[in-house]
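Residue numbers (the working numbering), protein chains in the order written: chain C, 6 to 233; chain G, 96 to 342.
Treat each hint with caution, since some may be false.
Reference listing, derived: stretches of chain C covered by chain G, where coverage requires no fewer than 3 residues with Cβ under 8 Å from a Cβ of chain G [claimed, not checked]:
(1) 12-26
(2) 91-102
(3) 111-124
(4) 189-196
Simulated pairs of lysine to any residue, SDA-like, Cα-Cα distance not exceeding 20 Å [to be verified]:
(5) G:K111 to C:K7
(6) C:K154 to C:M60
(7) C:K112 to G:G166
(8) C:K7 to G:G166
Note that these hints are calculated values from the structure, not bench results.
No residue lacks a Cβ here, since even glycine has one placed at the ideal position from N, Cα and C.
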Amino acid sequence: MKWLINFFTSSIGRKLIMSLTGLFLILFLVIHLLGNLQLLVDDGGVSFNAYAYMMTHNPLIKVVAYGNYIFIVLHAVMGLILWAKNRAAKGSTYAVKSNAKVTWASKNMALLGTLILAFIFIHMGDFWWKMKMDVVPYVTIEGMDHQVKDLYSKVSHTFNNPYMVAAYIVGLATLSFHLWHGFQSAFQTLGLNHPKYSPIIGGLGKAYAVIVPLGFAIIPLYHFFVMK
Amino acid sequence: MKLKLKVWRQQNNKDKGGFQTYDVVAEEHMSFLEMMDVLNESLIAKQETPVAFEHDCREGICGSCNMVINGRPHGPNSGTTTCQLHMRFFKDGDTIVVEPWRSRAFPVIKDLVVNRSSFDRIIQAGGYISVNTGGTPDGNSIPIEKDVAGEAMDAATCIGCGACVAACPNGSAMLFTAAKVSHLALMPQGKVESNRRAKNMVATMDKEGFGMCSNIGACEAECPKEISIDHIARLNREYVGSVFGGA
Ligand code: HEM
Ligand code: SF4
Ligand code: FES
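So here's chain G without its partners, still in its complex pose (with noise of 0.2 Å):
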């Protein structure tokens, strides 16, 4: 399949940037980083500077492989990240154009490379449990209804990549603090800490320039781990309880 790539450009942070169009022959069985390899390749071999994206895992859990296709953060399709797209849902002759995640908290490194920091700090602010868990427990022994995991592991699905930021109008991240301070909240071992883990992180989350949240939803349309708004309503919860009802 011929395609033309219209691939955004930016030397480094102090760059303006722009887009370059590129043609591009790829396969349908290729998956989209596949595709972007293949021009990679064509651009060493005319010598020109290949495009920087960031990728490692690519089978979909470490959440590095941002981009925004055609408008949409990790492509079209719902639940998958870019890694994890495939060329096939692209016709032969399209033109796809290619973005970084844009947000002022996550400034442009290069091309499609952002700095994500930003979130690293906010779970340095409290997305973690202080205390020694210890080894693994015996299975039961610590007894948790099964509705309450499952709204855990779900929380616990997000792989910190930023797309909800992205997507957001603006530029919020409260779907990805929602996810880590639900995460932690629902079970025994993070309740103890909860209310001081969504002042701080909710703190730090401002405090990184990120926006507020308008309840569009655009945030978990385009999670690639369909995270649920209704996260975010617990974590509105927990941080006014953190306020008012903790010392």
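Chain C on its own, in the form it takes in the complex (with noise of 0.2 Å):
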């Protein structure tokens, strides 16, 4: 066990951390794009809401989705303590700031983080909590025996208010920024690097970050500017 331990107190073991939780993240927004895509639909909600009730009753995505929030608090905390033992590992710094050629979001990334999770809370307070403890109002859907929570009608509510929507930008923008360089630097952390695939795993990972965020964006802008 002693072994186990050391490894996970290991500068190489806390950023494997980092990597798997970073990378199941990542696969956890694909689905949770795909899913919401349908905020988009204009029938009144009617295909949102019932999504949104199979995942809210499906037993196996309940696994997943806690399995999701430890993920994400794991990946939090790891984060920043790793940026505070860096801090102190350093030291203090230079009095010429270098030139070198390096990306901004790499230094940046716990604050990047804290941005996010700054944006996570608000996000599950406003949805997520609001599901929870039961204010959101139930809608009847054709077909279905029973009513279910209209979820819609509260994002679609959400996003008539500007400051949500600006925060919502300023949320998915900050988590560009930190998987333009997280992406590839995962896979470079997990040692899965490759003369032949690292370019393709590099170029993946630039065309994630700004792919998917912007898939989420169109979310609120559409609401704001096109339904109303």
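If you follow the hints, you should be able to join the two separate chains into one complex; please do so.
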């Protein structure tokens, strides 16, 4: 057992946790986006509400959801620990800033992560918490023998508020920068590096970092500007 | 050429230290260290204490001429040490800021000289081959593929200067440790002990207070031997393999 504890408290072990939890979150975000794109369907929320009902009642999805919460917490807590340890290891910095070519995102992962965390609190507080606390009204969906929560109207209501739309855009831009560096970094941490495949992973990562946050951003923008 | 030098002066490890400004007249053909010699001679002539800086080979192989020049370890050029940096890369009238390596695991001894014995302890933890490999073997008696030999040789060019640590915002020694691990793990003589080596060298690196790798790549950009962070990926593989695969 001691060897396992030693591993997860070693520098490389800690980074492995960051990488694996980060990759899980990357996978989660794709699924999350695909489901949420139903918010763009102009059917008064029938398909989205049915989907939300399924997501909150399927036992398998519940297990994955709790795994997801644990991984976010683990990733955030470990990320902040790494940040503090790395600051302490550096001690002081230089009088002149280096102009070496490194990405801004790579040097500011903890700042970006903390902003994402703040966004997750706003996001979960507004939707997840209200679903849980049962303050979302119910609607009837044709073909279902019971009423379901009208999360669609809740979302639509939120996205009529320009401040919330702005918060979403900022949150998603932050995510984009985090993943601009994070995606390929996770593979490097795992030691998955290869002259043939690394450039492909790098390209995929940059595409992901742009397309996925953009896909999410379309939802509040569409509700605010088009569906009203 | 007339230069204004802002040099970090610090009596000892307890002293807080600070910048001192000096005027120096240098020639374009001088190396950066020769320019520093000119400064020191003028200080000695004025009965002042010369600037302490490390140097030995002055040809880019010993890894001791360590200083951060205008925010860049070993100065603005890539792939060179400070002793290989020439004054022709600066302009008449330039102000040059010179600082020591900064990282908690490299405490300042005096002025620009830092204590890099933490690197020695990482090497002592496994950066060697324990068996006697004998005299020079016949060429090709142990077949090693050209690409593999080339990669091991690239890693072996690390001179242990510590510019990687100095450049890293996290003060991480991963590039140095990775270069040593890679260099030996790729060779049949070194492969035998590779599990133990990766585990012990990483443990020592952590114990010495170096930071963790965020894959920023500042080390690779500043390494005078242009060692690639691909070696860090290999170290990650070696380490995880040694923990989960080894006994
Ligand atoms: C859904 C959201 C998130 C995703 C998809 C994500 C993904 C990633 C990925 C893939 C990495 C690279 C791991 C590596 O270098 O091996 C990473 C690094 C990091 N993440 Fe996140 N992350 C998210 C949220 C957060 C949050 C909320 C924090 C909280 C503070 C955070 C803090 C960090 C830090 C500090 C690093 C850098 C670790 C290092 O290399 O030293 N992340 N993230
Ligand atoms: S890896 Fe490069 S920068 Fe680091 S000690 Fe070796 S030669 Fe110096
Ligand atoms: S003095 Fe030896 S590398 Fe510069």
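To see whether the hints hold, each was checked on the structure:
1. 12-26: Holds, because 8 residues of the stretch 12-26 of chain C bring their Cβ atoms closer than 8 Å to Cβ atoms of chain G.
2. 91-102: Coverage by chain G holds here, the residue count being 11 at a Cβ distance below 8 Å.
3. 111-124: As far as the stretch 111-124 of chain C goes, the hint holds, because 3 residues have Cβ atoms under 8 Å from chain G.
4. 189-196: Held - the stretch 189-196 of chain C has 6 residues with a Cβ nearer than 8 Å to chain G, which meets the minimum of three.
5. G:K111 to C:K7: The hint is violated at about 41 Å.
6. C:K154 to C:M60: Roughly 12 Å between the alpha carbons, so the hint for K154 of chain C and M60 of chain C holds.
7. C:K112 to G:G166: Given that 20 Å is the threshold and the Cα spacing comes to 16 Å, the pair holds.
8. C:K7 to G:G166: Roughly 42 Å separates the two Cα atoms, so the pair is violated.
In the structure shown, a violation is registered for the earlier hints numbered 5, 8, in ascending order.
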